[in-house]
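**Q** Guided by the hints, dock chain B onto chain A, whose structure is given.
2 protein chains.
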Amino acid sequence: MKVTSLKGTRDFDPLQVCRRNFIIDNIKEVFCQFGFVPIQTPAMEHLDVLLGKYGTEGDQLVFKIINSGDFLSKCSSEDFTNGSRSVLPKITKKGLRYDLTVPFARYVVNHQHELYFPFKRYQIQPVWRADRPQKGRYQEFYQCDADVIGTESSICETEIIWMISEVFKKLGITDYQILINNRKLLAAIAEKLGMADHLQTLCVAIDKLDKIGQQKVLEELSDKGFSTASLEILQPILDLTKGTKDHWEFLKAYLVDIDSAQKGFEELQEIMDNLAALKLDKVPLKFDPLLARGLNYYTGPIFEVQILNSKVGSVSGGGRYDNLTEVFGLKGISGVGFSFGMDRLYDAMDELNLFPVLNANNTTVLIVNFGLEGHMERLQQLQLLRNYNINAELYPDATKPKKQLTYANKKQIPWVVFIGEHELQQQVALVKNMKNGTQEEVKLSQLPTYFDERARKLD
Amino acid sequence: MKVTSLKGTRDFDPLQVCRRNFIIDNIKEVFCQFGFVPIQTPAMEHLDVLLGKYGTEGDQLVFKIINSGDFLSKCSSEDFTNGSRSVLPKITKKGLRYDLTVPFARYVVNHQHELYFPFKRYQIQPVWRADRPQKGRYQEFYQCDADVIGTESSICETEIIWMISEVFKKLGITDYQILINNRKLLAAIAEKLGMADHLQTLCVAIDKLDKIGQQKVLEELSDKGFSTASLEILQPILDLTKGTKDHWEFLKAYLVDIDSAQKGFEELQEIMDNLAALKLDKVPLKFDPLLARGLNYYTGPIFEVQILNSKVGSVSGGGRYDNLTEVFGLKGISGVGFSFGMDRLYDAMDELNLFPVLNANNTTVLIVNFGLEGHMERLQQLQLLRNYNINAELYPDATKPKKQLTYANKKQIPWVVFIGEHELQQQVALVKNMKNGTQEEVKLSQLPTYFDERARKLD
Numbered sequence: 024m025k026v027t028s029l030k031g032t033r034d035f036d037p038l039q040v041c042r043r044n045f046i047i048d049n050i051k052e053v054f055c056q057f058g059f060v061p062i063q064t065p066a067m068e069h070l071d072v073l074l075g076k077y078g079t080e081g082d083q084l085v086f087k088i089i090n091s092g093d094f095l096s097k098c099s100s101e102d103f104t105n106g107s108r109s110v111l112p113k114i115t116k117k118g119l120r121y122d123l124t125v126p127f128a129r130y131v132v133n134h135q136h137e138l139y140f141p142f143k144r145y146q147i148q149p150v151w152r153a154d155r156p157q158k159g160r161y162q163e164f165y166q167c168d169a170d171v172i173g174t175e176s177s178i179c180e181t182e183i184i185w186m187i188s189e190v191f192k193k194l195g196i197t198d199y200q201i202l203i204n205n206r207k208l209l210a211a212i213a214e215k216l217g218m219a220d221h222l223q224t225l226c227v228a229i230d231k232l233d234k235i236g237q238q239k240v241l242e243e244l245s246d247k248g249f250s251t252a253s254l255e256i257l258q259p260i261l262d263l264t265k266g267t268k269d270h271w272e273f274l275k276a277y278l279v280d281i282d283s284a285q286k287g288f289e290e291l292q293e294i295m296d297n298l299a300a301l302k303l304d305k306v307p308l309k310f311d312p313l314l315a316r317g318l319n320y321y322t323g324p325i326f327e328v329q330i331l332n333s334k335v336g337s338v339s340g341g342g343r344y345d346n347l348t349e350v351f352g353l354k355g356i357s358g359v360g361f362s363f364g365m366d367r368l369y370d371a372m373d374e375l376n377l378f379p380v381l382n383a384n385n386t387t388v389l390i391v392n393f394g395l396e397g398h399m400e401r402l403q404q405l406q407l408l409r410n411y412n413i414n415a416e417l418y419p420d421a422t423k424p425k426k427q428l429t430y431a432n433k434k435q436i437p438w439v440v441f442i443g444e445h446e447l448q449q450q451v452a453l454v455k456n457m458k459n460g461t462q463e464e465v466k467l468s469q470l471p472t473y474f475d476e477r478a479r480k481l482d
Numbered sequence: 024m025k026v027t028s029l030k031g032t033r034d035f036d037p038l039q040v041c042r043r044n045f046i047i048d049n050i051k052e053v054f055c056q057f058g059f060v061p062i063q064t065p066a067m068e069h070l071d072v073l074l075g076k077y078g079t080e081g082d083q084l085v086f087k088i089i090n091s092g093d094f095l096s097k098c099s100s101e102d103f104t105n106g107s108r109s110v111l112p113k114i115t116k117k118g119l120r121y122d123l124t125v126p127f128a129r130y131v132v133n134h135q136h137e138l139y140f141p142f143k144r145y146q147i148q149p150v151w152r153a154d155r156p157q158k159g160r161y162q163e164f165y166q167c168d169a170d171v172i173g174t175e176s177s178i179c180e181t182e183i184i185w186m187i188s189e190v191f192k193k194l195g196i197t198d199y200q201i202l203i204n205n206r207k208l209l210a211a212i213a214e215k216l217g218m219a220d221h222l223q224t225l226c227v228a229i230d231k232l233d234k235i236g237q238q239k240v241l242e243e244l245s246d247k248g249f250s251t252a253s254l255e256i257l258q259p260i261l262d263l264t265k266g267t268k269d270h271w272e273f274l275k276a277y278l279v280d281i282d283s284a285q286k287g288f289e290e291l292q293e294i295m296d297n298l299a300a301l302k303l304d305k306v307p308l309k310f311d312p313l314l315a316r317g318l319n320y321y322t323g324p325i326f327e328v329q330i331l332n333s334k335v336g337s338v339s340g341g342g343r344y345d346n347l348t349e350v351f352g353l354k355g356i357s358g359v360g361f362s363f364g365m366d367r368l369y370d371a372m373d374e375l376n377l378f379p380v381l382n383a384n385n386t387t388v389l390i391v392n393f394g395l396e397g398h399m400e401r402l403q404q405l406q407l408l409r410n411y412n413i414n415a416e417l418y419p420d421a422t423k424p425k426k427q428l429t430y431a432n433k434k435q436i437p438w439v440v441f442i443g444e445h446e447l448q449q450q451v452a453l454v455k456n457m458k459n460g461t462q463e464e465v466k467l468s469q470l471p472t473y474f475d476e477r478a479r480k481l482d
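Protein sequence lines correspond, in order, to chains A and B.
The opening position of the first sequence corresponds to residue 24 in the numbering used here, with each subsequent residue numbered one higher.
The opening position of the second sequence corresponds to residue 24 in the numbering used here, with each subsequent residue numbered one higher.
If we strip away everything but chain A, and leave its shape as in the complex, we get (with noise of 0.2 Å):
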């Protein structure tokens, strides 16, 4: 029988577990301290809820859950004969999230009667993706969500770029940088190309231009019917990565044609004015007109934060979508939002040795135990200590005292106490310390005090 966890899932041990949770309440910190709520939403969602929202290749990477009983009840032979395509939507009826910006939208319009707004969620759960397992790519991995919903206001955006600059600080990233661009620029682009109906599929690709390079990307675009004249308009975005060219000017200059591209870019500069006004100028905002973001439901600013000198890359991302919750059914909301990737984070502060120390065992005091001879005034002692709240432990075998000695050591232990029958006679126990080594004995009934005064002082 297998004893390990599936590809592309993690089992967590109790230090990273520590680890984890620094990252988490750093982050839910900074949220809270913005005035941001927490909401949570369950695992599972209708399949409906999910399909439709990331694309044609996020739909094929949606969990997909097993109707209960005799599932097969409703495949006739014939959507057998047909294959997996046809018996797939009769057998399943759920999937696990794949990220919480649509579970949110739904939240939003299931509970808006009984939501204020602008509504400021924050969201920190773990989704799901049928990815193919590799390198710090998971399958099931934490997001940690805030998003601003009810309002077009640039303070949003702007506090999102503050966010990320005020986690990055509590968690000692000093090198990173935040990538910002707005989706009605690429819209621009693509009237410009007039493809303006196939904006999504010019994201799509310029999305993979860092993986599989501009040529691969020209022949998407050329197989998706982008004419070679529309190409060749493209041609000088794609040569932007190459070139040392001020990106503002230069797209400027490239759409002073489109009247459309205005809004978006008073938006960004709406956006920067704020960040000056707040002299943020030293959080690292780059202007990149080839971010793009692979989820369909941006319409407006879009970011992405990239960790410099680390393999992990991409960690954290988000941008404004004006119809995500038209989808199910109430209009006119405009949201913006971004996500931290824990994962990544975490695989990032590794990498660059930012975790401070952290010790999962809070243990402070271990009582050695010797058997039935005294076992009740030991269990009684281990209660004294408890209730002056002292965390403490009673070993639970009668083993050789080093055995549990290297148990006290393996947990970082401070103090290990004997009573023994000779400490029982004299009422004392004596107290070894486990990082000098010394031992002293002390009057049972000064014990609660005695580590009293010294936890505190270990904090």
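No wet-lab data here; the hints were simulated from the structure.
Be aware that one or more of the hints could be misleading.
Each pair may be met inside one copy or between any two copies, as identical chains are not told apart.
Only pairs whose alpha carbons sit at most 30 Å apart, straight line, appear in this in silico DSSO-like list of lysine-lysine [to be verified]:
(1) 239 / 458
(2) 305 / 51
(3) 480 / 193
(4) 193 / 268
(5) 113 / 30
**A** For chain B alone, coordinates are given in the frame of chain A:
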């Protein structure tokens, strides 16, 4: 398109998340105090890790995930004709975890060389069961588990009961009872019936006694091969629910001729002696020879916690298992653990009005938005407040102040700050106390310290 969550699953609003965290944080605190360390395992496991551990009914309640891609490729038309049972193993390899104990056993075997024994771990994560949704029964719910593995010491059972009483003290739950029994006594009963090999069948039937009644339990056992003679011997045990006999003394007499019962009684006696030494005599522990627990893997003491005067019923349970890691290839390791059903605790606390006043919103100050004029100055004031660790928001849109005040009220934000044209000229802010409606002018330069002092008082 559906906008609700799936039946049996729930969305949690900010207050609910806070209340859930209140329960979880208190449980965590007790687990830590007793020396338990956290681990986490993935939501999905290999199906063969999960199946065969929870009985036939349990296996059916495990959510199964469809293989990615062309999942039907391994199915012949013969499989299809044979129906769901033949097709199922060919289209799924993964399931959602059903509890935290089995993944923990798998974890222990997988990581045995990194662990020190006895290993005390806690784990707080959701689990999923394809139960028919009904009031108080969910398809997704949180378990809070603590287990000790690698020791047979009765100190562990003692501490479990001790921890339950500590957690309930923290949560304000006073009316409850902890039922305790020993699978070894149920095994002795099976032996007395001449059905020693059918312990599991006996346990599964007895476990339903409350739900289906004595008659149906007898029918079920009869169907499963228990002779009339054996059921007659069982009768006085089933009748215990009716009478007022001392269960302990009765069972001792009843099992007097079964040698193997001795160890069962001794184990329980040890636990009770320990509790007596700790003067935990207010812990409402009750010996219940009819407590059976449905799960396959228990072999020693078992317990279950019921909240009295509540519709919720059982909120916690657990027991000792001697062979759970054996199925994963690691023999001779005894473990014991228990689990709080967090959602049931929540429902009970809600029903009994035990939650303290909690506010999901942490914002202390809302700055009113007056549009472009003075925008940058207000942003800068927001930043100054946040630099003083005061949780503050700038309302994102320049809507009517009345609407912005309503937002502050809904979010229970205690102070609203007006910095309009007039105030900027005077370098002051008008501060409105939302609780008593009073207003006062504060110099802009003194705003952070003004709130710093007041926010401290709020805590």
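**Q** Are the CA atoms of residue 239 and residue 458 at most 30 Å apart within a copy, between copies, both, or neither?
**A** This pair counts as neither: shortest intra-copy Cα distance 61 Å, inter-copy 62 Å.
**Q** If the cut is 30 Å between Cα atoms, do residue 193 and residue 268 qualify within a copy, between copies, both or neither?
**A** For residue 193 and residue 268, neither the intra-copy (34 Å) nor the inter-copy (63 Å) Cα distance is at most 30 Å.
**Q** From the Cα coordinates, with 30 Å as the cut-off, is the pair residue 305 and residue 51 best called within, between, both, or neither?
**A** within (23 Å within a copy, 39 Å between copies)
**Q** Within a copy, between copies, both or neither: which one fits residue 113 and residue 30 at a CA-CA cutoff of 30 Å?
**A** both (28 Å within a copy, 18 Å between copies)
**Q** For the identical chains here, do residue 480 and residue 193 meet the 30 Å Cα criterion within one copy, between copies, both, or neither?
**A** Intra 24 Å, inter 26 Å, cutoff 30 Å: intra and inter.
Of the numbered hints stated above, those contradicted by the structure are hints 1 and 4, listed in ascending order.
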